[in-house]
Amino acid sequence: ETGVTQTPRHLVMGMTNKKSLKCEQHLGHNAMYWYKQSAKKPLELMFVYNFKEQTENNSVPSRFSPECPNSSHLFLHLHTLQPEDSALYLCASSQDLRVGRRASRTEAFFGQGTRLTVV
Amino acid sequence: GENVEQHPSTLSVQEGDSAVIKCTYSDSASNYFPWYKQELGKGPQLIIDIRSNVGEKKDQRIAVTLNKTAKHFSLHITETQPEDSAVYFCAASGGSGNTGKLIFGQGTTLQVKP
Numbered sequence: 001e002t003g004v005t006q007t008p009r010h011l012v013m014g015m016t017n018k019k020s021l022k023c024e025q026h027l028g029h030n031a032m033y034w035y036k037q038s039a040k041k042p043l044e045l046m047f048v049y050n051f052k053e054q055t056e057n058n059s060v061p062s063r064f065s066p067e068c069p070n071s072s073h074l075f076l077h078l079h080t081l082q083p084e085d086s087a088l089y090l091c092a093s094s095q096d097l098r099v100g101r102r103a104s105r106t107e108a109f110f111g112q113g114t115r116l117t118v119v
Numbered sequence: 001g002e003n004v005e006q007h008p009s010t011l012s013v014q015e016g017d018s019a020v021i022k023c024t025y026s027d028s029a030s031n032y033f034p035w036y037k038q039e040l041g042k043g044p045q046l047i048i049d050i051r052s053n054v055g056e057k058k059d060q061r062i063a064v065t066l067n068k069t070a071k072h073f074s075l076h077i078t079e080t081q082p083e084d085s086a087v088y089f090c091a092a093s094g095g096s097g098n099t100g101k102l103i104f105g106q107g108t109t110l111q112v113k114p
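Here the protein sequences come in this chain order: A and B. If you count by my numbering, then the first sequence holds residues 1 to 119, one letter each, in order. If you count by my numbering, then the second sequence holds residues 1 to 114, one letter each, in order.
Since the hints were made in silico from the structure, they are not lab data. Note that this is a predicted model, so its numbers are computed, not measured. It is possible that some hints are incorrect.
Computed spacing ranges between beta-carbons, pair by pair [to be verified]:
| no. | chain 1 | residue 1 | chain 2 | residue 2 | range |
| --- | --- | --- | --- | --- | --- |
| 1 | B | G55 | A | V12 | 42 to 50 Å |
| 2 | B | Q45 | A | H73 | 17 to 25 Å |
| 3 | A | N17 | B | A29 | 35 to 43 Å |
| 4 | B | S12 | A | S65 | 36 to 44 Å |
Glycine included, C-beta positions come from ideal geometry on N, C-alpha and C.
Based on the sequences and whatever the hints tell you, model everything.
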């Protein structure tokens, strides 16, 4: 257990469906991320949230809509997806705290992912 | 933007032998270089990391070296065991400060034969 929990573990959805992926971290971190892992491609960063504010959208199509209601929870809302969106979606969290010039950081911890299949 | 190249894509070694995986990066501003191990059905798990102010770091059978001038870093696993079999990813992170904002290499599938 890494302290980052993703649900569901597996999801099959049609192209006209709407579904949501959930991520919860129990580590007290202040930054959360969504990554996409497709077969034969490197992990791709999708979104970055710092203190529940989105700080990066890596040119992700609007059919993926993230939501971060608090520092412990992150959602990825999915609608009208395409078969090529089938992949493993990974959530991660880290602690990135700066006080003046001093930084306290931890490494990124990943959840086990949601295996998404779009049919 | 940053680009990370990782080689080899597959690596097969006999139990007890050493394994070396190499990565190069393009952005000289990158200052944090973690290595993740991913087993089947699981998310990536950090095994070792190094920051740009250090040239080498070791943790038991695992070591990482960093050459900032050449912009490459390597993972060394000694005395490999069958449980080391997994996919290994290198990554690089730049000056944003977010250690989770990573550019990953393509991955290396390591097979350790008993």
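Consistency of the hints with the structure:
Against the hinted window of 42 to 50 Å, the Cβ-Cβ separation of G55 of chain B and V12 of chain A comes to about 48 Å, which satisfies the hint. At roughly 22 Å, the beta-carbon separation of Q45 of chain B and H73 of chain A lies within the given 17 to 25 Å, and the hint holds. Taking the beta carbon of each, N17 of chain A and A29 of chain B are about 41 Å apart, inside 35 to 43 Å as hinted. Our hint of 36 to 44 Å for S12 of chain B and S65 of chain A holds, since their Cβ atoms are close to 42 Å apart.
Going down the numbered hints, you'll see the structure goes against none, and every one checks out.
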